[in-house]
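Asker: Here are the chains, one letter per residue:
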Amino acid sequence: MYTQALNTAEAEDRGLEDAAKATQFQARIDAEERIEPNDWMPAAYRKTLTRQISQHAHSEIVGMLPEGNWITRAPSLRRKAALLAKVQDECGHGLYLYAAAETLGSSREELVDAMLAGKAKYSSIFNYPTLTWADIGTIGWLVDGAAIMNQIPLCRCSFGPYARAMIRVCKEESFHQRQGYEIMLTLCRGSDEQKAMAQDALNRWWWPVLMMFGPPDGVSQHSDTSTKWKIKRFSNDELRQKFVDATVPQAQYLGLTIPDPGMTQDAEGHWRYSEIDWTEFKQVLAGNGPCNRDRIAARRKAHDEGSWVREAAAAYAAKRAHRQTAQAAE
Amino acid sequence: MATPNTPLWEVFIRSRNGLAHKHVGSLHASDATMALQAARDIYTRRGEGLSIWVVPSTAITASDPAEKGMMFEPAESKIYRHPTFYEVPEEVGHM
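Residue numbers (the working numbering), protein chains in the order written: chain A, 1 to 330; chain B, 1 to 95.
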């Protein structure tokens with residue numbers, strides 16, 4: 001149950017965390033038990049999850065922007081309907097995730113306001129522009145493909161509401177990846193120009209997609225405790241390698257070249273990629289990516305322009321409630 | 001500027017006739033009509049249900065997880081409530 005009302009401050013502000021409770025908590029995690037919103041949890045666990053789940057939610061919402069850019073310009077009605085459904089799904093995913101984050105005690109309004117104020121992060125990938133229709137194919141194939149790699153282990157995350165939200169998200173995400181790959185396949189089987197467009201999109205998205213898995217192991221600041229708490233089941237590099245190994249044959253089938261001349265296959269069959277440019281990743285996270293300002297500006301505009309709807313809905317609900325009370329009193 | 005909070009609702013969906021409504025998640029809406037419409041859009045995009053209930057989250061009274069031991073103990077100590085507690089000779093067959 002997702003009632004935030006039960007997560008009141010009294011449980012939160014006890015200050016000194018009982019060591020016995022912390023041990024008991026870790027024992028539950030080790031026994032693969034799910035932690036539910038009203039169970040005792042260390043303040044740091046609550047904070048880590050609130051940060052992670054809300055960032056995940058913001059990513060889904062901001063992720064609607066690069067794709068929304070192409071809804072009116074999709075090449076056919078079939079593609080348009082599919083893209084519209086996909087963008088609707090991303091919105092739904094954002095809402096499941098906000099609901100999961102709220103069970104930890106922050107309101108959705110607080111979480112959204114933090115994103116609009118630029119205080120909360122979202123996935124770096126959505127700060128890249130979608131220049132051609134092939135970018136929509138590439139996003140579905142690679143960005144959603146990478147997201148699935150990341151999200152499948154999260155279905156077994158120790159925090160119940162997050163794990164449950166992820167199960168729903170993963171079910172829906174599969175359609176996203178397949179529709180993206182189908183777009184790529186159609187382009188690659190088309191004219192030389194279309195195939196060149198597909199290759200160009202892959203060239204631009206490949207490295208940013210590899211960065212989606214986060215900093216290399218050993219540098220990642222949240223990994224150790226997240227692993228101990230079973231929020232994270234695989235390291236960034238493990239997931240990245242899994243993704244690369246799954247993706248290379250898919251690119252080969254399309255007849256596209258991964259833009260990494262140094263890539264080799266090792267004796268065990270793993271595709272070893274070249275060094276990732278982590279300065280670019282840091283720059284994008286710091287707000288200096290190609291579209292950071294645009295994305296936040298677009299979210300703020302949507303939020304501001306929707307404020308009269310929220311106000312009208314609240315006023316209408318208040319009027320109705322008032323009338324009902326008055327009628328009941330008669 | 002902080003945004004005023006919109007009430008929280010719990011969403012229950014009955015997947016097919018004959019099955020009970022099941023909790024699927026929650027959402028925010030200013031009134032019941034809007035909560036129903038939002039539930040349709042958020043939780044039934046792929047034919048997940050034939051019926052939706054929305055309940056204000058504040059209307060739910062929950063058991064206290066800290067007292068679950070005491071709360072559910074009466075059921076745990078009464079193994080004679082289960083059919084396997086009773087011995088029926090094999091010759092009697094399935095019962």
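Please keep in mind that the hints were generated in silico from the structure rather than gathered at the bench. One or more of the hints may lead you astray.
With a cut-off of at most 20 Å between alpha-carbon atoms, the simulated SDA-like pairs for lysine to any residue come out as follows [what the hints assert, rightly or not]:
#1 A:K319 <-> B:N5
#2 A:K319 <-> B:L36
#3 A:K319 <-> B:M34
#4 A:K230 <-> A:P42
#5 B:K68 <-> A:W308
#6 A:K121 <-> A:L285
#7 B:K68 <-> A:K121
#8 A:K319 <-> B:P7
#9 A:K47 <-> A:K228
#10 A:K80 <-> B:K22
#11 B:K22 <-> A:I167
#12 B:K68 <-> A:W40
#13 A:K171 <-> A:Q199
#14 A:K282 <-> A:A120
#15 B:K22 <-> A:G92
#16 A:K171 <-> B:R45
#17 A:K319 <-> A:W308
#18 A:K21 <-> B:K22
#19 A:K119 <-> A:R51
#20 A:K319 <-> B:K22
#21 B:K68 <-> A:A31
#22 A:K21 <-> A:I152
#23 B:K68 <-> A:A27
#24 A:K171 <-> A:T186
Asker: Would you pick out the hints that fail for this structure and give their numbers low to high?
Answerer: 5, 7, 10, 13, 18, 20, 22 and 24
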